[in-house]
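Participant: Protein chains in written order, with our numbering: chain A, 1 to 542; chain B, 543 to 1084.
You can trust all of the hints, since none of them are fake.
Computed cross-link-like contacts, DSSO-like style, restricted to lysine-lysine with a CA-CA straight-line distance of at most 27 Å:
hint	chain 1	residue 1	chain 2	residue 2
1	A	K183	B	K958
2	B	K725	A	K495
3	A	K495	B	K752
4	B	K879	B	K958
5	B	K958	A	K495
6	B	K1037	A	K416
Counterexamples of contact, computed for chain B against chain A with all Cβ distances above 10 Å:
hint	residue
7	D561
8	H579
9	G585
10	E587
11	E982
Hint data in this document are derived by calculation from the structure and do not stem from the laboratory. What you are looking at is a predicted structure, and each value in this text was computed from that prediction instead of being measured. Cβ atoms here follow ideal geometry from the backbone N, Cα and C, with glycine treated the same way.
Protein chains: 2
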Amino acid sequence: MEPIGFETHPSRYRHWKLDVPSDGSGVATLAMGVDEHHPLRPGYELKLNSYDLGVDIELADAIQRLRFEHPEVRALVVTSGKDRIFCAGANIHMLASSTHPFKVNFCKFTNETRLALEDASANSGLRSLAACNGPTAGGGYELALACDEIVLLDDGSSTVSLPEVPLLGVLPGTGGLTRVVDKRGVRRDLADVFATLAEGIKGKRAVEWKLVDAVAPRSKFADAVKERAKRLASLAPADKDAKGIELKPLEAEVSADGARYKYVELAIDRARRTATITMRGPDQDVAGLAIVAAGSSWWPLRAFRELDDALLRLRFNHEDVGLLLLRTRGDRDLMLKCDAELDGRRAHWFVRETILNMARVLRRLDLTARSIFAILEPESCFVGSMLELALAADRRYMLDDPKRPVHVQASRLNGKLLPTANDQSRLEMLGIEEELGGMEKQPLDAQQADEAGLVTVLADDLDFDDTLRLAIEERASLSPDALTGMEASFRCVGKETMQTKIFGRLSAWQNWIFTRPNATGERGALSLYGKPERPSFDWRRT
Amino acid sequence: MEPIGFETHPSRYRHWKLDVPSDGSGVATLAMGVDEHHPLRPGYELKLNSYDLGVDIELADAIQRLRFEHPEVRALVVTSGKDRIFCAGANIHMLASSTHPFKVNFCKFTNETRLALEDASANSGLRSLAACNGPTAGGGYELALACDEIVLLDDGSSTVSLPEVPLLGVLPGTGGLTRVVDKRGVRRDLADVFATLAEGIKGKRAVEWKLVDAVAPRSKFADAVKERAKRLASLAPADKDAKGIELKPLEAEVSADGARYKYVELAIDRARRTATITMRGPDQDVAGLAIVAAGSSWWPLRAFRELDDALLRLRFNHEDVGLLLLRTRGDRDLMLKCDAELDGRRAHWFVRETILNMARVLRRLDLTARSIFAILEPESCFVGSMLELALAADRRYMLDDPKRPVHVQASRLNGKLLPTANDQSRLEMLGIEEELGGMEKQPLDAQQADEAGLVTVLADDLDFDDTLRLAIEERASLSPDALTGMEASFRCVGKETMQTKIFGRLSAWQNWIFTRPNATGERGALSLYGKPERPSFDWRRT
Chain A
1 MEPIGFETHP SRYRHWKLDV PSDGSGVATL AMGVDEHHPL RPGYELKLNS
51 YDLGVDIELA DAIQRLRFEH PEVRALVVTS GKDRIFCAGA NIHMLASSTH
101 PFKVNFCKFT NETRLALEDA SANSGLRSLA ACNGPTAGGG YELALACDEI
151 VLLDDGSSTV SLPEVPLLGV LPGTGGLTRV VDKRGVRRDL ADVFATLAEG
201 IKGKRAVEWK LVDAVAPRSK FADAVKERAK RLASLAPADK DAKGIELKPL
251 EAEVSADGAR YKYVELAIDR ARRTATITMR GPDQDVAGLA IVAAGSSWWP
301 LRAFRELDDA LLRLRFNHED VGLLLLRTRG DRDLMLKCDA ELDGRRAHWF
351 VRETILNMAR VLRRLDLTAR SIFAILEPES CFVGSMLELA LAADRRYMLD
401 DPKRPVHVQA SRLNGKLLPT ANDQSRLEML GIEEELGGME KQPLDAQQAD
451 EAGLVTVLAD DLDFDDTLRL AIEERASLSP DALTGMEASF RCVGKETMQT
501 KIFGRLSAWQ NWIFTRPNAT GERGALSLYG KPERPSFDWR RT
Chain B
543 MEPIGFETHP SRYRHWKLDV PSDGSGVATL AMGVDEHHPL RPGYELKLNS
593 YDLGVDIELA DAIQRLRFEH PEVRALVVTS GKDRIFCAGA NIHMLASSTH
643 PFKVNFCKFT NETRLALEDA SANSGLRSLA ACNGPTAGGG YELALACDEI
693 VLLDDGSSTV SLPEVPLLGV LPGTGGLTRV VDKRGVRRDL ADVFATLAEG
743 IKGKRAVEWK LVDAVAPRSK FADAVKERAK RLASLAPADK DAKGIELKPL
793 EAEVSADGAR YKYVELAIDR ARRTATITMR GPDQDVAGLA IVAAGSSWWP
843 LRAFRELDDA LLRLRFNHED VGLLLLRTRG DRDLMLKCDA ELDGRRAHWF
893 VRETILNMAR VLRRLDLTAR SIFAILEPES CFVGSMLELA LAADRRYMLD
943 DPKRPVHVQA SRLNGKLLPT ANDQSRLEML GIEEELGGME KQPLDAQQAD
993 EAGLVTVLAD DLDFDDTLRL AIEERASLSP DALTGMEASF RCVGKETMQT
1043 KIFGRLSAWQ NWIFTRPNAT GERGALSLYG KPERPSFDWR RT
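With the sequences and hints as input, model every part of the structure.
Facilitator: The structure is reproduced here in structure tokens:
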């Protein structure tokens, strides 16, 4: 199969229309008009604005471009370009015909896309409004839930619904159950009724139950949407100097064995079922106004966009790979200068967006269901924002050899600027409570890094290669399911947030349900959707 | 199959020895000496102090009796009565030969038992010390993790270990992964090494990694344990007037269709796949000293012990039942008087223990994987602590008929005294933030209860029966897996705690892993444990 790619551009969208007016309103519109004849893979039709991964890749691209290319946009109206349907959710036939790993990774990606919308609202002041101009079902309603506000057409037939439990025997897989109660504050017993009612809820009751913020009849719908969008846009005015930065193509060289970018390389070792991502640090000192001029070629933006693309390729195109090795290369001083610039100028909209993007990419790494080992070797550059790669890893292997010293160093970026999904710094997650613990002041050698609690396995020159090789072989031999469950536990030390509830509690239950005959067996509800036969259930409760 | 029963008594223990000395030390010892020839079901041997449900039922009984029958005990030493083994964890052959629903319910019960140990420490000042006098593996180490402190024998061979991931391809199922990082503060990368190292960790390194609090050689082990237990016992001195209350047998009449107790009845309708639990309120006004005299026949203790037993019978003996209907009967005034007594005298150790037990039983209800509807009808008595049953339900159906009025009323017990696993009151979970919202002052009729946000479905006399009947039929027709996942989400609104992480995140992943061929397939690691064949894995990561 052709590998899946994740880069696109509004000029190539098949399923969405992004409209950014130059009228100074600060309100953009993103209209879903899914081309049913262009699924990502042959075998199903994307009827009724239902979506597949291809549709969601465009959505993710649109949200990302709005933040970088159109910083003047302060409110985004998400609506449908079709009559009589907002969105029917994820395509059922696509889901029913997909492998289990694809289903799970598809749900994860769509969750990350919706969280990007919420991140834009919370951290960039880009508010969003779902203008549900027709029936809004399943994943369609979950997309609306990710927006700050929801307006529903009041025409006697447009409902919001989560029909997954009653119709398909699975959960709404994109955060719906969590957001209904934890974000919108729907009372949990009403949420129970709602999520078991295939036909959904409309009109006044949808407002009373807090499922939507407002309803409006057809004659007043456009005005109601416009007015709300205007108010949302006024909440966080755009920076005066904010002129967009074009996100240029990454121009990856992709092969069956990985992908090569300017700063990042993904190399697959199919025999060992491992992948190595090598990231190179900044190659020049870009500061002040030159940052804006550099635009998307500025190292922290380009390198982390490349890393993001590499992680998605790994997830979707190399399912058998169980272990990701992280290596870095680069000049420590240039890396520290770059981080100092990021920290010092973070009030600037472009620098802020660049940092927020780095944070999102690092969370994508945290949430990648592969074991992750970081290799701290002499040529490495685990410093500042690149140190986060090591801190995200399940283990850190560090060489302790006076003749070939390895150093790590923190920067202000390792504080709270690049938070995990449970809203901690990665140092905090390791129990290094006080911010940075002084480790930004000078480089730490292997012994010092070990004392600071940064090293999992310290090995001298004689042992390092063998220790690492054995650890890799051993890790690659363990049950991939047990590792996924274990890592999902250890990567969420401490408190949970709405995000981690979605990725932990909700997704873990969904993973289970996706494997159960009641959903995906021959007589399961998901398999039989749209067919005349009734599903047949094993009634035992677990 | 003979239904499983949950009542036992120290005089009948086969697997544990509870030693409560009368020397005034306040230190009791509970020694595990599993009789390998007495598994709960035939087909496996309980070697090496491995346990099954029968062993854990005795453990739960011992913890419960200590709190009620021996309030003078302030520290419990949990140790092994066997040489050269502390505990090998849950019996693998039992697990491998169990059905999926049994495995899941077994893990849930053992989790609840360990949480009872932590509840005793946090709320009753009964501290616990794991004296690991031999290898401490898997569930054995998880039992130790539930204790306040862990001392490990330092003899060159006694290790603590979580070998589930490397040996069995499943997770440690009793909170181990969560407690290692979130309770003991083991660094997450070291936890990763630990949980993939079949042979475990011993001696000084176990202390350095925070896996245990101390190690002691054989010659000093007994003294080290004694000293630590003495210090733990001194932390919360016993009430001077604390003389134990005997927990008398419940004397249930059990049949294939349910169980009948003094205040509680469990009735199974196999055709409809529903169960009805009817709970009757207090039948007399017991106050002051008479409470102690009444002992385990005092309503709040007896009725909630009966409810607990009924819930466990439902979980284990009636797997096909998907929906639990909750009904109450009783005198509202007597119920309010009883609650006033519970609230007013909660400084008394016996009243405190009774309230804590009610809270545990209600959490057992919250965590029961069956849909729960409460039926608020004219004869009902959803008042005070019995109102909690309705608040725990997924839905509340209330009759609105002036001729046959129904009333509900809160008491101080509905505040923070009976917290959920995520440490909220059940009213708070419904968004009724301020404590009780005034609803303890007077009874609310159906309209008032609805306005207060307590009613899911209000129906008048003409509609009530049909509405309820249809809702029951519809609920019983839905996929049991999807309902379990949905309810697990809606019953944990808001924050997560270590408890809810164990029951949500960890258990949901484990449920998934238990269904995967990599664990339980013919060539899965759990299925092949102890056999010469190597497991064969589907390497795709999800």
